[in-house]
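A.B. asks: Sequence:
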Amino acid sequence: MATIKDVAKAAGVSVATVSRVVNKSPKASKSAIAAVNAAMKTLAYRPNANARALVNQSTNTIGVMVSDVSDPFFGALIKAVDNVARSHNKHLLIGNGYHDAKVEREAIELLINNRCDSLVIHSKGLSDQELIQFAKEVPGLVLINRHIPEIAERCIALDNQQGAYNATQHLLTKGHQHIGYINSYQDIDDAHHRQAGYLQALTEQDLSLNLDYIVAGQPTDEGGEVAMTELLARKLPITAVVCYNDYVAAGALAALEKQHIAVPNDISLMGFDNGLIAKYLHPKLTTMHYPIQTMAEQAAELSLALAKGNNSAIHGKVFEAILVERLSVAKRV
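According to UniProt numbering, the sequence shown is numbered sequentially starting from 1.
Keep in mind the hints are simulated off the structure, nothing from the lab. Misleading hints may appear alongside valid ones.
[As the list claims (entries may be wrong)] Derived EDC-like pairs: lysine to aspartate or glutamate, alpha-carbon spacing no greater than 20 Å straight-line:
id : residue 1 : residue 2
1  : Lys279    : Glu222
2  : Lys284    : Glu222
3  : Lys102    : Glu222
Construct the complete structure from the given sequences, taking the supplied hints into account.
C.D. replies: This is the structure we're talking about:
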């Protein structure tokens, strides 16, 4: 494999000149550029990315950390960031955090050590203070789906409480008063805020808050099926259920079908996220649209602007989930 010294010898220039050409320095002459490029082509020389990063003090990458790349929700997030990255001639370096503080910390440090000066971070495990410290270290760090007041201008978040409130309110307007809630068992702000929104909507209608109507499980279709089965076993007069996300709703739907309970005629079902699965369930799922693509695009643009020192171009933002009516909710007669 050819080295930079081989290129310099073949081009008849110094190693420093080759380095200037590789890093597109304006100090390189036209004749040197032509000679070095010809030598690199002849020798099939590829500049070392890490070496170039040392000269430029950055890489041509945007770092992204999500919980789990296998989750379609995070796949949509990554795809949106990648679209922005490509429009700026950059590539992605991706890490998984799994909502675990230790793993998230290691993933972020790895991205920083790989000289990603733009970072889009989805963190649920790390404390506010630790993320604030990371933000001080990396000017181009932006948080997505997390709002920290001290660095609010670098947060692209969703109002999860308002979203769950609106979901529950929609069922209330349809005449439902005995409304169950299937939450995620995860100790993260999304789960806490969505349950708070559900309870807020009931409280405003002066409905009694019976915690037997709430069950928590894994935020997956399997978890939703187990949770719905548990909820039905409590023999409550439930006419509608709000679910933590669409996959939980899919599992809940499966549990109801197994017990020959019709949706929405017997029990109405409400999802959250408006993922791809929502419109392919039967019946099609009424849900709250989580604008993750738009949020991820804005987070990526903000990260790139901040990395360039442009602190006034874009600001943080809190988005709202929007009701998407389909066929899984019916009016209570």
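A.B. asks: Now tell me, hint by hint, if it's right for this structure.
C.D. replies: Cross-check of the supplied hints:
Straight-line distance between C-alpha atoms of Lys279 and Glu222 comes to about 19 Å, which keeps the hinted pair within the 20 Å bound. As the CA atoms of Lys284 and Glu222 are separated by approximately 19 Å, the hinted pair is consistent with the 20 Å bound. Pair hint Lys102 plus Glu222 does not hold up; C-alpha atoms about 27 Å apart against a cutoff of 20 Å.
Hint violations for this structure: number 3 only, all remaining hints satisfied.
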